[in-house]
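There are 6 protein chains.
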Amino acid sequence: MKDIYIAELAAFEEGKLFDGFFLVLARQQRTTSTNKPYLSLTLGDKTGTMEARVWEPNDPRIARDFDRGDIVKVRGSASRFKDTTQLKVDQLRKATDGEVDKADLMPSTTYDVAALWAQLLSFVDSFTEPDLKRLLTTILSDPTLAAAYREAPAAKQLHHAWLGGLLEHVVSLLTLADRVVPHYPILHRDLVLTGVILHDIGKIRELSWEIGFEYTVEGQLLGHIQIGSALAERTMDSLPDFPPRLKTLVLHIILSHHGKLEFGSPKLPMIPEALVLNFLDDLDAKMQAVANEFEKCAREGKAPDELTGKVWALDQRQMLNTRGWLGESKK
Amino acid sequence: MKDIYIAELAAFEEGKLFDGFFLVLARQQRTTSTNKPYLSLTLGDKTGTMEARVWEPNDPRIARDFDRGDIVKVRGSASRFKDTTQLKVDQLRKATDGEVDKADLMPSTTYDVAALWAQLLSFVDSFTEPDLKRLLTTILSDPTLAAAYREAPAAKQLHHAWLGGLLEHVVSLLTLADRVVPHYPILHRDLVLTGVILHDIGKIRELSWEIGFEYTVEGQLLGHIQIGSALAERTMDSLPDFPPRLKTLVLHIILSHHGKLEFGSPKLPMIPEALVLNFLDDLDAKMQAVANEFEKCAREGKAPDELTGKVWALDQRQMLNTRGWLGESKK
Amino acid sequence: MKDIYIAELAAFEEGKLFDGFFLVLARQQRTTSTNKPYLSLTLGDKTGTMEARVWEPNDPRIARDFDRGDIVKVRGSASRFKDTTQLKVDQLRKATDGEVDKADLMPSTTYDVAALWAQLLSFVDSFTEPDLKRLLTTILSDPTLAAAYREAPAAKQLHHAWLGGLLEHVVSLLTLADRVVPHYPILHRDLVLTGVILHDIGKIRELSWEIGFEYTVEGQLLGHIQIGSALAERTMDSLPDFPPRLKTLVLHIILSHHGKLEFGSPKLPMIPEALVLNFLDDLDAKMQAVANEFEKCAREGKAPDELTGKVWALDQRQMLNTRGWLGESKK
Amino acid sequence: MKDIYIAELAAFEEGKLFDGFFLVLARQQRTTSTNKPYLSLTLGDKTGTMEARVWEPNDPRIARDFDRGDIVKVRGSASRFKDTTQLKVDQLRKATDGEVDKADLMPSTTYDVAALWAQLLSFVDSFTEPDLKRLLTTILSDPTLAAAYREAPAAKQLHHAWLGGLLEHVVSLLTLADRVVPHYPILHRDLVLTGVILHDIGKIRELSWEIGFEYTVEGQLLGHIQIGSALAERTMDSLPDFPPRLKTLVLHIILSHHGKLEFGSPKLPMIPEALVLNFLDDLDAKMQAVANEFEKCAREGKAPDELTGKVWALDQRQMLNTRGWLGESKK
Amino acid sequence: MKDIYIAELAAFEEGKLFDGFFLVLARQQRTTSTNKPYLSLTLGDKTGTMEARVWEPNDPRIARDFDRGDIVKVRGSASRFKDTTQLKVDQLRKATDGEVDKADLMPSTTYDVAALWAQLLSFVDSFTEPDLKRLLTTILSDPTLAAAYREAPAAKQLHHAWLGGLLEHVVSLLTLADRVVPHYPILHRDLVLTGVILHDIGKIRELSWEIGFEYTVEGQLLGHIQIGSALAERTMDSLPDFPPRLKTLVLHIILSHHGKLEFGSPKLPMIPEALVLNFLDDLDAKMQAVANEFEKCAREGKAPDELTGKVWALDQRQMLNTRGWLGESKK
Amino acid sequence: MKDIYIAELAAFEEGKLFDGFFLVLARQQRTTSTNKPYLSLTLGDKTGTMEARVWEPNDPRIARDFDRGDIVKVRGSASRFKDTTQLKVDQLRKATDGEVDKADLMPSTTYDVAALWAQLLSFVDSFTEPDLKRLLTTILSDPTLAAAYREAPAAKQLHHAWLGGLLEHVVSLLTLADRVVPHYPILHRDLVLTGVILHDIGKIRELSWEIGFEYTVEGQLLGHIQIGSALAERTMDSLPDFPPRLKTLVLHIILSHHGKLEFGSPKLPMIPEALVLNFLDDLDAKMQAVANEFEKCAREGKAPDELTGKVWALDQRQMLNTRGWLGESKK
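Residue numbers (the numbering used here), protein chains in the order written: chain A, 1 to 331; chain B, 1 to 331; chain C, 1 to 331; chain D, 1 to 331; chain E, 1 to 331; chain F, 1 to 331.
One thing to keep in mind: the hints can contain errors.
If several chains are the same, the list does not tell them apart, and a pair holds so long as it fits within one copy or across any two.
Derived BS3-like pairs: lysine-lysine, alpha-carbon spacing no greater than 30 Å straight-line [what the hints assert, rightly or not]: (1) 16 - 286; (2) 102 - 310; (3) 260 - 310; (4) 247 - 102; (5) 73 - 156; (6) 302 - 156; (7) 260 - 73.
The set of hints was computed from the structure by calculation and includes no laboratory data.
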């Protein structure tokens, strides 16, 4: 448990000393307009990021061997400049292993990851199609991959941009898909659910989340669609007698899940399962964005009958909170 | 029960006499290239349409007082010209009231209309929001309107283009929406369902289905969105103390249900209920189009592992029948 | 008559005291970077808006009971910070009714509203089609509606964004349409002029202009096209024996006046009168925007042979003042 | 005066002999499916075109020395094949000069060309700007150019696709512009009218109308905008002391008159005169297309309250004839 | 060597007997309008396709055991119906292996395949980057794959739609790229050439060319970009110590070679080598299409100074043959 | 040779005096927030621009007779404000003719202009088509035009935005085109090269580069395509017996070189030479932009395996430096 969070420092009494653990997101040598050199750090934790300045880098109480990506313990004080708070660092040392929970240093899902993972596995357990069950069991039992799947964010920003976000998004979609599939008898349930579990799996290499959320260069050049379909193909090739036509369908559902060429899918959905996955994925992302925006407005004290700010995921449209506008507290 | 259907005549023995009731969809005076005059009719029933020629319009066995829209009893024979079958009419008279079931003369839903209607009403019955319940009860208890709602097709062509198609589409959407709504706590269930029931109600005046399915001129100039929202507004204005904000939401959900300005919605969805309605309406129409196409391919004897023809509702994309391609008979 | 206008304060001697009436457009509690609390106000009148700060909100000479939307009398002084002028408020009280002319507090048309209104009515008086004359007379003789019609701006910003702007725009269009209509014998003059008078009437509820120009939430959710067509429909429904086909045409001309689906018209113009209205409305808005831009350049002392700034209404295109470039003072 | 017109032959008694003058639009050697050779001609006059066959090309009564573009006198008879009429040619000789009025052989304006030309010149005469008057007088007094201007169609097909169509379109636009210009004080009247007269002048070389209406290869490669602006530039360069800035404006108004880059204008309108010309040119072309379509429907006996066919110039939209639908005979 | 080609039959004397080998592209049972059954075949060879009818399918001289895809020897005669030639089949038997050269039955490159292949290998031989050389050598030395690479068409229709077309297109692009690469020092030559050789390699499974050129279902669902990148990835994974970053670049260049998302590339070119490949591939395809069209016009006897027909690969634009228009025979 | 450059002043010791020659790009009277008046200048040279302030404009050591566009000698000192450096001017006088090389005051090509010009002329010298040779020789031997051609930038900003940039771009394209032309036998070499030399020649009047790079008003209203084609047409008209068809082709290649209507070309390329010019011009501009961006990243010390910043000419795409990422120093 950390002593203090970034979010708390924004309102911290000026000049008063604090102690805290933070992740170093950037470290740069700078000079003021009056030519005074200083070390500029970007420090972060799960509640946000803030600039900190080291004015005396040669002070023996300031470690020299730390870099971007390190966890550090800092003693310092806060000061306010215009509308922003800035930290002044008096002492700084690298944290020792285990001294702080990494989960405190990055935004994370509010759900229990172990429970989400169990839900995911129980969906796979419910499959009646043996080859798809074999495929997913093989992938999800790879310990490195499973660890990454549990940890990855679903995006750099926007919807589910937090540790565990990928898993949270997939479990939500599995639940939704399982509600919708029985409505359409032409749908192959296990193929839809396979698509849900694998469609974004390439994000575990498209993104890095060690020190903030970033695209990897590999991710930029290939994209999670290509990375994910290659991973699925490699696994299917390794399974004895995996049916070739089923393999083609699994790859197709991954390739086409963005639903439009201009969204980066090289193929449009051509089987009903791919069509449904594209719709539900899109709906779920947009509904999550709307719910996030409503929470943000509530947090910021906006009147419940006002329009929200512009929602990026909805092409900058403003939304209205139905219940707020109708004056209902809760339905 | 009709004696014979258009679909049967395509394969009828040449020259052999048939008797049958048909709807006159068009009647025009024509002349052959050798200057021989004849009466050209387009006859139709629920299985299709066919051209018929009257070579002796002055024969006393040919009625003179019939016109487009009449039901007629015809005696004649079939002949084939290139790939098409043509009818030669020997006798023709107007049908008397009740002599033939109108349902035999136009394509109709394969569902039981009374059962669909009961399902619709039971959804309304489940509402907990009294004003929306009052609104829908008022609209659906208008006998003229209710009769039209039960009879209207959902489109001139494409998805649900048959008598009862509107009701069939709405009940399918109600069932689907009722599955999806609980997944999103921010949704106002009764408002979503109200949107489902009212979104296409303007089609009962946008389309005419007396003699084939056509757009009315009023439908062309105003569209079902405007006609439907005006109908809803008029009804809400007539209800004492209908909450003005709720009225605005109901109108908004109708106006925005096409989801894009370029699809004829003057406003984009700005409440979560409108967003969900737009997604589910679109998904349901596309899935219905895919299912129709699969049935058509099966009917036409296409191999189960071939792609379908181009599907209009999916921008002319071809689709693949997953089960057919995998060689499953039934999951 | 006000003592001083916002526009004058921009050049007011620093430190010198002024007295003036202003509209409070915003009121917010703020803190400086040095933690000093103050009250930030946005004050406006017909010449513009400016920030004002109350450093001593507990001073008995500062009223406590005022809010956004109130008219206040202020005594204070101006100071300059970078390129902006800021007001320091020493005394503040709510104005009493009638103490200041509201027309001084918001931008207004430079035309005589009564004269414009008379012109509008005389156009209606010239109608030869009795039903359309009856429709417009009914609408324009509703005192609440007529008052709003005379007062409403034509837009939140851009063309005619001032009190009386709607009326000014409509009268200009009536005059233009009356010049163009005789050139095309297929046009129904009174229907074109009806379209001109009613096309933007929904703006009286789409916009609010009590405290600055804002969209209402109802306006955002429904739009002036829907609000206006509903108003027209309600009125026509209330007139005995109003011809149904004429009603459809009036509604169509309102619905289609934006000319493109992507501009929010749910239907494209399908009668010549709607086509002409869309062209002239668009032309008039663009020509007004160009004339405004030329005036702005002249006011700002730009050389007469330079291009203007980017004109929003013309997709950010720059325009050239023909006469200025040719060196003509006046043709 | 011709003996008989193409339009009359469509209903001519089969087998009966006719004599007539026609323009040869195409001449090709062909063979029937039974290997019988014949000469296929396309003959035309101002009322339309028709195929004619010469079965005995070696008959001494059939001239040999004629080709595409010649006027011929034909004796023959009509026969009907399916829905089309075909001519059988028994005798054919080239017409002698003056034997037939060329105006009978191509579709032409229904207006008096001399009167239109006088109107055009009187507009120029009304100019107060001496340089523009000098420019237009110079261009229009070039006898070759003036002859072409009076003769040219305004388009290959669509609006004003007939001899004299360019002049008819320009005079209509001059009249319309002269009504609109006084409404906008910022407009330079003579510059607008100069733009009207010159905007399409390049069509006299973009199109050829000797034998049907065709694009020239030069017209395809350069377009009438480039051809017209080059012609105007050459003339202005030849006039002593023509003001360079005025020259730039005249060229700009020609270049920009299509109003959009994607319509082939290399520059968007950047002066008010160019903006107005683009609007009025577009409006006039569309209104003419609508009026043509209404006439066509009336000619073809369509019910006055039906929608028209799809109008090419309005993106295949169908239009409704207001008066027809309202049941008015004439306003 | 075949006895006779389809192209020759179009002008063959009616009724005269011919003997020839053809590929059966389609076989369908049909009935005439007079109910006479017949067998309709589509026969093809490298010069084209033609319909043939078997009127006496039970004649012992007509084989029964042949199907779509078989090579048959046919004796029959030609007849002309309207503008098309039709074959009447008197005798038909399946060809025996080796009786006819398959190259005579499908359109093929006019180049020597062995020479093209040698050119391709010599380009690989010139590589200085050992890993890329190793990659290509491995791929091209797989006998099955190499055989398919030499045989595959480059497209179903349009540019290079003939056997050997893929190889011909690649060798042309290699030569062009080798001319352009030295102009830009930032380019990695071997990486550009690797991209050229691999960019379309997926077409060997996207297309089938056994019986006419068709897309495979796998090709429709995955596309040649995905198939090709998977093939390259699998090979690179099999090479010891293949540099991972180089692997990413090779995959990127394949993925991005269509240059736009809407053309099916899931990623845009982000390295200079990918940018250049996209430009040259596009240029070469368009120039080949233009050259084909000029040849077609010459073959069809079009005047050399006329525009061509509409060129599909250039968005239906017509082109002009510069030399033909200038009247040069040869530069 | 200048004493000091703008780029050096950014790091100049605060307060220390410097002397230097600069171009005055802007001169404006301003007042500080504390009402202190000063003269604000924008000074530039070939390395950049910087703001300078004259606090004592009445000091006799400050000249009064200088204006925008003048070259001045300045004595002053530098000070830093936030991240920007500002100059304080103590003395200022206009430079005398010849005191400073104008090439030092504007960004210029790094190539030898005389050598580039010689290359250009030797390309013309290699022409075998006499009329095109005559045309280019005539244009390039006009001393005023040739001087402008050697001096003009190729753009206001983006690629080749420096003095001599037009010539540098053209010579690069000539070299590239000369490599590509032999690959396509259908190309008319001299016509392609003529297109390269003339395609952007209108930029010598579209842009002004006396005082910074600006569009002229004439350039804005007409564009370099129109200006250039008019110049070419005028010259061809002046040459006795210039072949009219060749003239049309030269004009077409200039008009169409942007390749798309929406990029300002009024005609699409319709001859192979125009198609190739459009491709190579586009490729060369993009490759130059990528090379510039790589140099900029190297200059700014970006890691060689990072993506670049967003490249404007590639729709804000980021690029990767292949060699940098692979860790090669030099191939």
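Evaluated hints:
Taking the shortest alpha-carbon separations for residue 16 and residue 286, neither the intra-copy value of 43 Å nor the inter-copy value of 55 Å comes in at or below 30 Å. Proximity of residue 102 and residue 310 under a CA criterion of 30 Å is satisfied in neither setting, with 32 Å inside one chain copy and 33 Å between copies. With identical chains, the CA atoms of residue 260 and residue 310 are at most 30 Å apart both within one copy (24 Å) and between copies (17 Å). Taking CA atoms no more than 30 Å apart as the test, residue 247 paired with residue 102 passes in neither setting, with 38 Å inside one copy and 33 Å between copies.
Taking the shortest alpha-carbon separations for residue 73 and residue 156, only the intra-copy value of 26 Å comes in at or below 30 Å, while the best inter-copy value is 51 Å. For the homomeric pair residue 302 and residue 156, the shortest alpha-carbon distances inside one copy (27 Å) and between copies (22 Å) are both at most 30 Å. With identical chains, the CA atoms of residue 260 and residue 73 are never at most 30 Å apart, being 47 Å at best within one copy and 48 Å at best between copies.
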